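Protein chains: 2
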Amino acid sequence: MNAPTHPDHLLPQLNLRAVPQAMIDALKARFGERCSTALVVREQHGRDESSFAAPPPSAVVFAESTADVADAVKLAAQYQVPVIPFGVGTSLEGHLLAVQGGISMDVSRMNRVLSINAEDLTVTVQPGVTRKQLNEEVKSTGLFFPIDPGADATLGGMSATRASGTNAVRYGTMRENVLALEVVTASGEVIRTGTRAKKSSAGYDLTRLMVGSEGTLGVITEVTVKLYPLPEAISAAVCSFPSIEAAVRTTIEVIQMGVPIARVELIDHNTVRMVNAHSKLGLREEPMLLMEFHGSPSSVKEQAELVQELASGHGGNAFEWASTPEERTRLWTARHNAYFAAIQSRPGCRAISTDTCVPISRLADCLLESVAEVDASGIPYFLVGHVGDGNFHFGYLIDPDKPEERVVAEGLNHKLVTRALALEGTCTGEHGVGLHKMDFLVTETGNGAVNMMRTIKRALDPLNIMNPGKIFTL
Amino acid sequence: MNAPTHPDHLLPQLNLRAVPQAMIDALKARFGERCSTALVVREQHGRDESSFAAPPPSAVVFAESTADVADAVKLAAQYQVPVIPFGVGTSLEGHLLAVQGGISMDVSRMNRVLSINAEDLTVTVQPGVTRKQLNEEVKSTGLFFPIDPGADATLGGMSATRASGTNAVRYGTMRENVLALEVVTASGEVIRTGTRAKKSSAGYDLTRLMVGSEGTLGVITEVTVKLYPLPEAISAAVCSFPSIEAAVRTTIEVIQMGVPIARVELIDHNTVRMVNAHSKLGLREEPMLLMEFHGSPSSVKEQAELVQELASGHGGNAFEWASTPEERTRLWTARHNAYFAAIQSRPGCRAISTDTCVPISRLADCLLESVAEVDASGIPYFLVGHVGDGNFHFGYLIDPDKPEERVVAEGLNHKLVTRALALEGTCTGEHGVGLHKMDFLVTETGNGAVNMMRTIKRALDPLNIMNPGKIFTL
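Read top to bottom, the protein sequences are chains F and V.
Per numbering that gives the first Met the number 0: the first sequence = residues 0 to 473.
Per numbering that gives the first Met the number 0: the second sequence = residues 0 to 473.
Check the hints yourself; a few may be wrong.
Since the list gives no way to pick out one identical chain from another, each pair is judged satisfied if it fits inside one copy or across any two copies.
Restricting the straight-line Cα-Cα distance to at most 30 Å, the calculated cross-link-like pairs of lysine-lysine (BS3-like) are [what the hints assert, rightly or not]: (1) 138 to 73; (2) 414 to 225; (3) 414 to 138; (4) 300 to 225; (5) 73 to 414; (6) 225 to 27; (7) 131 to 73; (8) 401 to 73; (9) 131 to 27; (10) 414 to 300.
Note that these hints are calculated values from the structure, not bench results.
Owing to the predicted nature of the structure, the values given are computational and were not obtained by experimental measurement.
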């Protein structure tokens, strides 16, 4: 999801470490103008799309190569100063905030596609390449990169947060799609994790240890991901339902029957109204599923017929088709803009996003009880979901001038997460832990597992300089 | 692959640690007859399907619960004695050998399916459940577990080695299919990694750190894996080709076009001859692909027609269909028995297996040059491959009484691995590193990455008691 930046909630748990002037001098000597201490630059790098705020980092280094990153990290290790990797700033969970001080390592200029191996369906990119840029650059090969978290995030950031989004139901998440990484470790060493082979049993899976580590174990400087042949046929459809429950129960059946649907997104009636107003669409203002089918023409037809049949069984209307690429793009852009549409619906508001994910059979219970709770609270909200994966997002639209609304919203989120965990789900399907879910992580996985994470962190980053204070406290 | 046990190659790098009598006494007191020191039991647990040998472990504990495992590991930690997890002994790389002494932790009696969640397509099992047992127990739900390494291995062992096999080209490996684990750590603590949610961004991916860790970070005591709806239609076919190259080039095109083929296995003409003799089949003694297609009837038909067209372009014959379930089972059993068939073709021989995996575009180069080398060496061999993944296995059939043949075989493997790594592949697609590929691992991934693995190992197992001496030396 996209979101405007609006740091308005100062974190209580700041633990600022000083950045010595000697370190700033050394960075300036090494990087010249590519090390900035201008307040406006620091402030831009000291926030993300979460609603938290902290003092900005002491400096921003604009890396243009792996050697740049390694040199900056070596200096940071020498002066024991935190390093916070920064792509394009779309984190929703406070990953980018300098809660322990330090420097921001901006890799957005490392934005080259290094090698397209179309025959192997792989591509290697620098971490600052965004997903839209990547798809633009591989378009002529007939391949595409499916992971789509909404925001035009960087591949480095998507790897670091184990991102996914609308296509994950068919193509998996960054967990399944990253083949190998180059990483600058906490000591400034450059390592490679994995090869371009599709599978391997060669030692510990360092690739997947780094994917989702939120910058706390190293800076990702190269990413090799899988590509997929553009489907011969793509069809997108909208289906309205008499209730959220009907839409959710249809989705559950679609998944349980193994239909290889490429996208199946829930939007509640309220959010459809917001989207209509924002994107000038004339969608029926009822709960709906936005779907996309990929495959051969006959396979797409077969999938769509089966899903239509299942939907009809729950009172779903006839599919409305977005048959041209332009109509499809318009529909998905509207979906991705649901966040902005919602924000506009309550001028001056802030959104607090949830991110639970549950096993598909628990989806109706988890979602419907939570909808009832939010409705009862009186807080305006939007609701969208990658429901084929059991993952959905509420956005509680709070007035930042009314602290009591934030308290209510956080209380709703707490109840939602507690419910999701009781249903064998997770507190975060795709946004990451960051600052916001550290307590939930312990509840979800237990002290034993979190302590194992801490042990790994201490071993690989003994000075605690890699994005410290995220995922867990040490 | 299955293989008879034949330890005949004593390892030079033994580093035996004594197991104090007090520890044996403590184990006997805790486990009674479920702790055995009988030589025959120890010898059975001191070898696997590799061709290595080492003195057997000092005792074998037959665990029946997670608490059993935890208690035994706590005693091992107290006495600083190695613990080697053991399922059904099908490792091919020496994982089960007590190269540093210690005890074998047999989990084969932990063989209960704990919960089938058919609605979520997940199942949780104890680590001693084998893949065939699992498929038998979930059959009535209309679901199946696709990972098929040939041998009827345990889910614990398959997790520990990141196993895959014939279906991985469509369904992925254990990496993609394990959702969560319960693990007894090196201190005897019980932790859980992950939930039943299909995706998650909740902290470090401990599940995938454990998958493929070969028993060196803990003992797996529960495994939650994905299941899949049994396809509406399944068709298996055999296609003969004028050359290995023609079969491989067909496979490359199938993968590059994104055909969702469920299995595509190469068998060379020589191995077909062995399989015919062993399994009384009348297969044409030419290089061939064994294929399987899963999907709706029309999708299966469409896939098969497309692959037939691609095969014909390379001189492939008309598909011969195994249309009944019985014929299919017969065909795949014959494939899985290729190892035994090969062993029988040279009475008294031993097989040394290779396991390289390369990006699909490099498969022809890697395979054909290696075939030429083996042919030139005069060593008899078999050749089978999960070629859709770029993974294939030579089995060099050596006479154990002729050490010079082992030298030639290891030399061939060395050349093969060197070639695969130069082609951006891996030294092990699915068997693991074990004892055999420690040097190759360093060549493949570099000292930096292997040192990171060592750092993690030292942090999580400071006494070095969890299957020490495997993957890397400390």
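Evaluation of the provided hints:
In the homo-oligomer, the alpha carbons of residue 138 and residue 73 never lie at most 30 Å apart, since the shortest distance is 38 Å inside one protomer and 56 Å across protomers. In the homo-oligomer, the alpha carbons of residue 414 and residue 225 lie at most 30 Å apart only across protomers (28 Å), although the nearest pairing inside one protomer, at 37 Å, exceeds that limit. Proximity of residue 414 and residue 138 under a CA criterion of 30 Å is satisfied in neither setting, with 44 Å inside one chain copy and 37 Å between copies. Proximity of residue 300 to residue 225 under the C-alpha cut-off of 30 Å is found in both arrangements, the shortest distances being 27 Å within a copy and 27 Å between copies.
In this assembly of identical chains, the alpha carbons of residue 73 and residue 414 never lie at most 30 Å apart, being 43 Å within a copy and 38 Å across copies at closest. Proximity of residue 225 to residue 27 under the C-alpha cut-off of 30 Å is found in neither arrangement, the shortest distances being 38 Å within a copy and 52 Å between copies. Neither within a single protomer nor between protomers do residue 131 and residue 73 lie at most 30 Å apart by alpha-carbon distance, with minima of 32 Å and 52 Å respectively. Within a single copy, residue 401 and residue 73 get their C-alpha atoms no closer than 44 Å, and across copies no closer than 54 Å, so neither meets the 30 Å cut-off.
In the homo-oligomer, the alpha carbons of residue 131 and residue 27 never lie at most 30 Å apart, since the shortest distance is 33 Å inside one protomer and 63 Å across protomers. Neither within a single protomer nor between protomers do residue 414 and residue 300 lie at most 30 Å apart by alpha-carbon distance, with minima of 41 Å and 49 Å respectively.
Checked against the numbered hints above, the structure breaks hints 1, 3, 5, 6, 7, 8, 9, 10 and satisfies the rest.
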